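> One letter stands for each residue in the lines below.
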Amino acid sequence: MSKILGIDLGTTNSAMAITEGGEPKILENNEGNRTTASIVAVSKSNERLVGLLAKRQGVVNPKNTIFSVKRLIGRKFDDSEVQKDKKWLSYDIRKSTAGGVEVKMGDKWQTPEEISAMILQKLKLDAEAKLGEKIDEAVITVPAYFDDSQRQATKNAGEIAGFKVKRILNEPTAAALAYGMNKQKNEKIVVYDFGGGTFDISILEVGDDTVEVKATGGDTHLGGDDFDKRIIEYLVSEYKSREGVDISGDSLAIQRLKESAERAKHELSTTMETEINLPYITSDANGPKHFLMKLTRAKLEDLVKDFIEKSIELVKEAVTEAPPKGAGLKISDINEIVLVGGQTRMPAIQEAVKKLFGKEAHKGINPDEVVADGAAVQAGILQGDVKDILLLDVTPLTLSIETLGGVATPMIQKNTTVPTAKTQVFSTAADNQTSVEIHIGQGERPMMTDNKTLARFILDGIPPSPRGVPQVEVTFDIDANGILSVSAKDKASGKSQSVKIEATTSLNKEEIEKLKNEAAQHATEDTEKRELIEIKNQAESIVYLAEKSIKDAGEKITAELKDNLNKKIEEVKAVKDGNDKEAIKKVVDELSAHLQKIGEGMYNKKDDNQRTDDAQPSNN
Amino acid sequence: MAEEQQQNQQNNEIEELKKKMEQCEKTRDEYLDGWKRAKADLINYKKDETQRMEQFFKFSNEQILSEFIAVLDSLEMGLKMMKKDDMEQTGMNIIKGQIEDLLKRYGLEKIKIQAGEIFDPKNQEAVSEEESEKPVNTIIEEISAGYFLNGKVLRPAKIKIAKGQPNENLESKI
Chain V
1 MSKILGIDLG TTNSAMAITE GGEPKILENN EGNRTTASIV AVSKSNERLV GLLAKRQGVV
61 NPKNTIFSVK RLIGRKFDDS EVQKDKKWLS YDIRKSTAGG VEVKMGDKWQ TPEEISAMIL
121 QKLKLDAEAK LGEKIDEAVI TVPAYFDDSQ RQATKNAGEI AGFKVKRILN EPTAAALAYG
181 MNKQKNEKIV VYDFGGGTFD ISILEVGDDT VEVKATGGDT HLGGDDFDKR IIEYLVSEYK
241 SREGVDISGD SLAIQRLKES AERAKHELST TMETEINLPY ITSDANGPKH FLMKLTRAKL
301 EDLVKDFIEK SIELVKEAVT EAPPKGAGLK ISDINEIVLV GGQTRMPAIQ EAVKKLFGKE
361 AHKGINPDEV VADGAAVQAG ILQGDVKDIL LLDVTPLTLS IETLGGVATP MIQKNTTVPT
421 AKTQVFSTAA DNQTSVEIHI GQGERPMMTD NKTLARFILD GIPPSPRGVP QVEVTFDIDA
481 NGILSVSAKD KASGKSQSVK IEATTSLNKE EIEKLKNEAA QHATEDTEKR ELIEIKNQAE
541 SIVYLAEKSI KDAGEKITAE LKDNLNKKIE EVKAVKDGND KEAIKKVVDE LSAHLQKIGE
601 GMYNKKDDNQ RTDDAQPSNN
Chain P
1 MAEEQQQNQQ NNEIEELKKK MEQCEKTRDE YLDGWKRAKA DLINYKKDET QRMEQFFKFS
61 NEQILSEFIA VLDSLEMGLK MMKKDDMEQT GMNIIKGQIE DLLKRYGLEK IKIQAGEIFD
121 PKNQEAVSEE ESEKPVNTII EEISAGYFLN GKVLRPAKIK IAKGQPNENL ESKI
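Protein chains in written order, with our numbering: chain V, 1 to 620; chain P, 1 to 174.
Simulated from the structure, these hints should not be mistaken for laboratory data.
A couple of the hints might just be wrong.
[As the list claims (entries may be wrong)] List time: in silico DSS-like cross-link candidates among lysine-lysine, alpha-carbon distance up to 25 Å:
(1) V:Lys25 with P:Lys46
(2) P:Lys152 with V:Lys25
(3) V:Lys55 with P:Lys39
(4) V:Lys104 with V:Lys155
(5) V:Lys422 with V:Lys548
(6) V:Lys258 with V:Lys214
(7) V:Lys130 with P:Lys58
(8) P:Lys84 with V:Lys63
(9) V:Lys289 with P:Lys96
(10) V:Lys63 with P:Lys134
(11) V:Lys130 with P:Lys134
(12) P:Lys39 with V:Lys289
(13) P:Lys36 with P:Lys26
(14) P:Lys58 with P:Lys96
(15) V:Lys104 with P:Lys110
(16) V:Lys55 with P:Lys110
(17) P:Lys39 with V:Lys130
(18) P:Lys47 with P:Lys36
(19) V:Lys166 with V:Lys104
(20) P:Lys84 with V:Lys289
(21) P:Lys39 with V:Lys422
(22) P:Lys134 with V:Lys258
(23) V:Lys452 with V:Lys516
(24) V:Lys573 with V:Lys586
(25) V:Lys354 with V:Lys183
(26) P:Lys39 with V:Lys25
[Stated by the list, open to error] Some chain V residues near chain P, calculated using beta-carbon distances under 10 Å:
(27) Lys25
(28) Ile26
(29) Gly58
(30) Arg94
(31) Arg256
(32) Gly287
Please read these numbers as outputs of a predicted model, since none were measured by experiment.
All C-beta atoms, glycine included, are put in the ideal place defined by N, C-alpha and C.
Required output: the full structure, derived from the provided sequences and hints.
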């Protein structure tokens, strides 16, 4: 079955997403962008352009570049909103025979549906190219305040574009769906949507399997673009007062300033201060002039204070006013707040919303993409993807096995999705060791004694061999119910042992938190402890290796080297059981350096022999 | 009578077993479908991930390069302001060339623009227009350079175009 495309058909930008593996995923358009400008144009060379390409020629072709058509779709020409928009739209609009709106693009008059269809068609083609399959069905979002006529017109646009429109979904409902709020029965949700050109508020109530829109509000002519304009105005006037030069008439300077202002606005969401640095912005009789100005977050907040205050007033109104103007609720009745639209990244907006409701808003999902994500979730529900998704558990804590020196060696890391299995081969720590103890623990601490023991068992019957030779294969397997099976098998003898531990994922919340907190508290001391054990283990190994090497090398190395090595071995032995990490490390390194000389010594001896051989006269 | 009763009982049992089997088959199909979907999702995810990684390697420098070209713009503007045939200007030009060469090695390529060409919004952005003797919609001047990063438009070239009514040749294209 082919996928259903979720589409956020926005006033300024549109986005699309599909559901894959139960999760919504934004699809990039052909230009490689996650959003597509909702602009259509007929260029001066009579080519139809959609999206970014249309935007790139908008300045020189304003009459034939159609933007914000969403403001007109499904409305009557005499509608006061249409009359208001007519004054500032750069293209021509007229009354259609049916009383609706027609837009002039090129030499043709077209309906807003047809224009929107061109945007939708681009999205369709780009999605098909991206996925390599045909897409025939779509879920398209509309503002909650859209009436039947606007919804029908949007649906028509989808059909003209070649989609079977499975659902027209409210934008705030989509945002709530993206956050999985449709499952939170009887909750009241406020969706605060500050887009590029519009500000929408919706109050939703989740019932049994339905999300009802209780009230809507906002300002259709307030958006992030107003913030940008305010910043540019401020920068131009500041520059004028400081340098005495008015750059407002210089289109190139304004263009550069606009880009920098937008970047500064974005930067100030994460930093407290930014610098706008534009060398050679203009020039006068005295030569070139540069633009260098600092903008602080506080200044930015001051510049747009009235916009934020207005938005908060509008939220209050939509929540508390009696129906039909508002939802007739108290501010304290609201359970959840969702932020939508790029402008909500601004910390001052998040603060203002938090102050009003006394709680944090949901903002984990990219606010530019949350509506398209929600449309894809709805698409997933319609195509059965989401319903069938199994809820898979994760292991809340790391599962480890104890290795030499009491170290907890992780086998399955915390937060691994189950069912899963992991196999690792271990060996013995001593010569002729015929049994190993498998000690299984749970927790984040590096030393096994600090973690919770789940089980222990012994695997014996390992044929006597030098340390490090036997191969014991240990497997941890957790099934979907959190039951952990641990088995250990000696590869040489084929002997094996296993144990089953019930419900490793069902630790209670407090227990998990306690173990995690302990791990965090002891992090530094634990690391030190672990490093000490590691260096001790290293000391143990190197002593073993050195002794073995001396024995193996026999007469091939000089007596002097042998003495030196034995001396170093004794030095390591003397400190290895202490707790001075640095001291152990120092002697281990020294021994290691000496150990390399065994090899060198052996090669040298061999070389000497070789030379002797070569020196023999040849019979040829 | 007893036989009939036994027969009925058997029939009932068969019916019940049939129902049970149907239920089991349905559940089996559901599980099999879910399993297949999960496997397919994993395979698709792996494919996507490989593609994503390829893209990541190709475009990992995108952010820094797109900010860096603003510095190049400033350098270019500075050079224009300097006196011609000045040794300092020559030196600065060499430095600019050095930077451009370096960026080229990272996949950055200047979008070539020539006055007189027809405006192409695929890699150009028209920021202003001017009355000119040149045919409408042709490029008069490049205002700031555009760049490709590994073939993708990182920033379109900003240009000034000739103003006027569409000429007939262009119209007949459609």
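> Broken hints, numbered, in rising order?
3, 5, 6, 8, 11, 12, 15, 19, 22, 28, 30
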